[in-house]
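A.B. asks: Here the structure of chain A is known, so what remains is to put chain B in place on it, guided by the hints.
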Amino acid sequence: MSSVRFHTLVVRVENKPGVLARVSGLFARRGFNIESLAVAPTDNDLFSRITIVVDAESAPLEQVVKQLNKLINVVEIQELSPEDSISRELILATVNVEEGREDQIMREIESFEANVLSVGDQKIVVSLSGTPEIVNDFEVVLETYEIVEVQRTGIIALSTITS
Amino acid sequence: MQTNGGKALMKNLEAQGVELVFGLPGGAILPAYDPLIESSIRHVLVRHEQGAGHMAEGYAHATGRPGVALVTSGPAATNMVTPLADAMLDSVPMVCITGQVASGAIGSDAFQECDTTGITMAVTKHNFLVTDAEQIPQVIHDAFYIATTGRPGPVLVDIPKDLIDANNPVSQFEDYEPSGHDLPGYKPETEPNPQEIQDAAKLIFQSERPIIYSGGGILKARAAEQLKDLAELLDIHVVTTLMNRGGFPDNHPLALGMPGMHGNYTAITAIQQSDLLITLGARFDDRVTGKVDAFAPDAKVIHADIDPAEFNKVRSADVSIQGDVGRTITELIKAIKQMGETESHPDRSAWKSQISGWNEKFPLVYDDWQAGEGLKPQHVIEQLRDNTPDDTIVASGVGQHQMWASQFWSFNHPYTWINSGGLGTMGYAVPAAIGAKAGKPDRMVWAIDGDGCFQMTNQELVTARLENFPVKIAVLNNGYLGMVRQWQELFYDKRYSEVHLQSDLPDYKMLAESMGCVGIRVESPEEVKPAIEQANEINDRPVVIDFRTESSENIYPMVPAGKSNSEVIVHPSQGNEK
Numbered sequence: 000m001s002s003v004r005f006h007t008l009v010v011r012v013e014n015k016p017g018v019l020a021r022v023s024g025l026f027a028r029r030g031f032n033i034e035s036l037a038v039a040p041t042d043n044d045l046f047s048r049i050t051i052v053v054d055a056e057s058a059p060l061e062q063v064v065k066q067l068n069k070l071i072n073v074v075e076i077q078e079l080s081p082e083d084s085i086s087r088e089l090i091l092a093t094v095n096v097e098e099g100r101e102d103q104i105m106r107e108i109e110s111f112e113a114n115v116l117s118v119g120d121q122k123i124v125v126s127l128s129g130t131p132e133i134v135n136d137f138e139v140v141l142e143t144y145e146i147v148e149v150q151r152t153g154i155i156a157l158s159t160i161t162s
Numbered sequence: 000m001q002t003n004g005g006k007a008l009m010k011n012l013e014a015q016g017v018e019l020v021f022g023l024p025g026g027a028i029l030p031a032y033d034p035l036i037e038s039s040i041r042h043v044l045v046r047h048e049q050g051a052g053h054m055a056e057g058y059a060h061a062t063g064r065p066g067v068a069l070v071t072s073g074p075a076a077t078n079m080v081t082p083l084a085d086a087m088l089d090s091v092p093m094v095c096i097t098g099q100v101a102s103g104a105i106g107s108d109a110f111q112e113c114d115t116t117g118i119t120m121a122v123t124k125h126n127f128l129v130t131d132a133e134q135i136p137q138v139i140h141d142a143f144y145i146a147t148t149g150r151p152g153p154v155l156v157d158i159p160k161d162l163i164d165a166n167n168p169v170s171q172f173e174d175y176e177p178s179g180h181d182l183p184g185y186k187p188e189t190e191p192n193p194q195e196i197q198d199a200a201k202l203i204f205q206s207e208r209p210i211i212y213s214g215g216g217i218l219k220a221r222a223a224e225q226l227k228d229l230a231e232l233l234d235i236h237v238v239t240t241l242m243n244r245g246g247f248p249d250n251h252p253l254a255l256g257m258p259g260m261h262g263n264y265t266a267i268t269a270i271q272q273s274d275l276l277i278t279l280g281a282r283f284d285d286r287v288t289g290k291v292d293a294f295a296p297d298a299k300v301i302h303a304d305i306d307p308a309e310f311n312k313v314r315s316a317d318v319s320i321q322g323d324v325g326r327t328i329t330e331l332i333k334a335i336k337q338m339g340e341t342e343s344h345p346d347r348s349a350w351k352s353q354i355s356g357w358n359e360k361f362p363l364v365y366d367d368w369q370a371g372e373g374l375k376p377q378h379v380i381e382q383l384r385d386n387t388p389d390d391t392i393v394a395s396g397v398g399q400h401q402m403w404a405s406q407f408w409s410f411n412h413p414y415t416w417i418n419s420g421g422l423g424t425m426g427y428a429v430p431a432a433i434g435a436k437a438g439k440p441d442r443m444v445w446a447i448d449g450d451g452c453f454q455m456t457n458q459e460l461v462t463a464r465l466e467n468f469p470v471k472i473a474v475l476n477n478g479y480l481g482m483v484r485q486w487q488e489l490f491y492d493k494r495y496s497e498v499h500l501q502s503d504l505p506d507y508k509m510l511a512e513s514m515g516c517v518g519i520r521v522e523s524p525e526e527v528k529p530a531i532e533q534a535n536e537i538n539d540r541p542v543v544i545d546f547r548t549e550s551s552e553n554i555y556p557m558v559p560a561g562k563s564n565s566e567v568i569v570h571p572s573q574g575n576e577k
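Same order as they appear, the protein sequences are chains A and B.
Numbering-wise, numbering that gives the first Met the number 0 puts 123 at position 124 of the first sequence, and it's gapless, one number per residue.
Numbering-wise, numbering that gives the first Met the number 0 puts 17 at position 18 of the second sequence, and it's gapless, one number per residue.
Worth flagging that the hints you see were computed from the coordinates, not collected in a lab.
There may be inaccurate statements among the hints.
No farther apart than 30 Å at their CA atoms in a straight line, the calculated lysine-lysine pairs in the DSSO-like style are these [as the list claims (entries may be wrong)]:
#	chain 1	residue 1	chain 2	residue 2
1	B	493	A	69
2	B	299	A	15
3	A	65	B	299
4	B	493	B	528
5	A	69	B	312
Some residues of chain B that are not near chain A, with every Cβ distance over 10 Å (derived) [said to hold, decoys possible]:
#	residue
6	26
7	113
8	183
9	311
10	312
11	520
12	560
It should be emphasised that the depicted structure is a prediction, and the values quoted were computed from it without experimental measurement.
All residues carry an ideal CB built from backbone N, CA and C; glycine is no exception.
Extracted from the complex, chain A is given alone in its bound form (with noise of 0.2 Å):
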């Protein structure tokens, strides 16, 4: 088993109510820690993708997935490592910026080739898309201004094509 602290699963779960609630069930009552969640439906309306990003410190990961296996609604595990495996994170906040640093805060923007996607009066709401790394530090950036709000929406993951 890796030593790696997070490790991202992808599941594949059925389209029934009540899924979430048994997967996050699951790892509340085992304590399992639960990094980041996403989740949404697929081109196939009978089943969703739940990507986990599981804190391996609280449990073995071995466990997280065996236990998650034995889910009737859980389809399938597929555990995604760092080097095979594309992941994006989505950010959105809104900043409050300083008279005077109008200018520092769009060259910031565009390094990062992020969004603006609201102006106003001292204020700015902007999106990024990106690793998480480059996420985590685009919100170090916009840290040293006034974050009012941020919101972000977990890791998303996929497979390299390997050839």
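C.D. replies: Below, chain B without anything else, positioned relative to chain A:
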């Protein structure tokens, strides 16, 4: 042909081979009780829903068929939580049907509404909330399939009232026979992997001090015969956990009995000192391992289980074999026979003589009765054992009496021991015994209960009397929550806190008689056997014997909680420095 949800529910229960359900009607489930009148299914009317749940469990333990409970919404569903949790921890196949408020009222805090599927999610193998009457045949089909395959367990089906109400248009649908299961996430694998079988066989041939550590999975897989074949082929001793008592005959020369916190010295120590645990359908429960880090420190582990989540959960395995444990043993026997043509194992005679030495030095013992004392509970159990048929089914509650029953009974047949192992549910014995008798009416069924346990569920003796299940209940009445009292004596400096129940209240004899049972009180040793013989003769109603036992009696051996099995405390008369 048009049908409705209520009719379809009964029809599909019948199609599953259900002959008996344990239940109690109420508002939301009422429409199901109407077609029940025409059904071939016999309904046993309980006095409390918890009783229905444990009866279903007792029935399942005794027969191997899934037990079925039928109750209403809200408080009935919450009363079912304990039996479901019990069945979950002991892997008991069980299907529970609960009524729910009408579809349109769900979420409105309606009368007798609770979030049954939400509440029972963690205590069921799976649960269903039916949202369309048409789902009923398929859901019942799936529920029984899930409950009885793979690692068995409880399944709950929650059905809103309108969907089973014959007078409601939403309950109508075109009838159909469910075929197959649309359960893409449920594919229980029963076939062991041949490579793992080979690896396990190799470890067995290398081992000098092997032990077979057999658990409840043996009984669930109906693999007692295979286990015996394996043990005899290998000439290796077998320990049977609390959940596998009867899964290997206690009167067999290779039987070592129960390991664990109150196991016997030999079973505990043989595991502790072995170099190979051949673990078959057992799960390294904390009551077996004691302190995990110090458990069987020199042992390699073969772990065979139907549930792969058990591998490496508590103790890491050197070879893990997923599959039906009966199939696993069969394949293992083949592999061993084949390997035996070319290989041989180290000399095990020293190990064997060590085991027989422990057995001689540390048998299960108790002090002789002294005038003025209450009855020795161990003596009562020995008398019960010796004065009942060999295939008597014994149900027990939870506590000292349970451990004494497991220790002093001789379980020579599978499916003769019914108890709450994992959850430790006090009050289990009376309803579980009734469920067992319902499933095996021709067998003698005794419950060995404690006075604390008996007071939790004895109302079901009314059910037993009226439904004609003549079970026999031996209450080992020491007037205490005995196991708790023992812990307070040993670990809390004899500071007894809220453990005294008082032997005379209720008056067990009168209580039994008030419920239409025969009540007998036994206070002196010479009355024990005649009372048992009297009870054995009574077959038209239940019998309760109030055995007044000694309240200061402790159960030994004992591995204190959190301690290593090497620190087992034996009976004081056997000394404690070995």
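A.B. asks: Work down the list of hints and note, for each, if the structure agrees.
C.D. replies: We went through each hint and held it up to the structure:
The suggested pairing of residue 493 (chain B) with residue 69 (chain A) is violated, with an alpha-carbon distance near 44 Å, which exceeds 30 Å. At roughly 43 Å between alpha-carbon atoms, residue 299 (chain B) and residue 15 (chain A) are farther apart than 30 Å, so this suggested pair is violated. Pair hint residue 65 (chain A) plus residue 299 (chain B) holds up; C-alpha atoms about 23 Å apart against a cutoff of 30 Å. Using a Cα cut-off of 30 Å, the hinted pair residue 493 (chain B) and residue 528 (chain B) is violated, with the two alpha carbons roughly 34 Å apart.
Taken as a hint, the residue 69 (chain A) and residue 312 (chain B) pair is honoured in the structure, with Cα atoms around 14 Å apart against an allowance of 30 Å. Chain A leaves residue 26 (chain B) outside its interface by the beta-carbon criterion, the shortest separation being 24 Å against a cut-off of 10 Å. With a cut of 10 Å on Cβ distances, residue 113 (chain B) stays outside the contact zone with chain A, its closest approach being about 15 Å. With a least beta-carbon separation of about 5 Å from chain A, residue 183 (chain B) fails to lie farther than 10 Å from that chain, contradicting its non-interface assignment.
The beta carbon of residue 311 (chain B) sits about 6 Å from the closest Cβ of chain A, which is not more than 10 Å, so the claim that it is off the interface is violated. Not every beta carbon of chain A lies more than 10 Å from that of residue 312 (chain B), the smallest distance being close to 6 Å; the non-interface claim is violated. Every Cβ of chain A is farther than 10 Å from the Cβ of residue 520 (chain B); the closest lies at roughly 45 Å, confirming the non-interface assignment. Even its closest Cβ contact with chain A, about 20 Å, leaves residue 560 (chain B) beyond 10 Å, as expected for a residue assigned away from the interface.
In this structure, the hints that do not hold are numbers 1, 2, 4, 8, 9, 10, in rising order.
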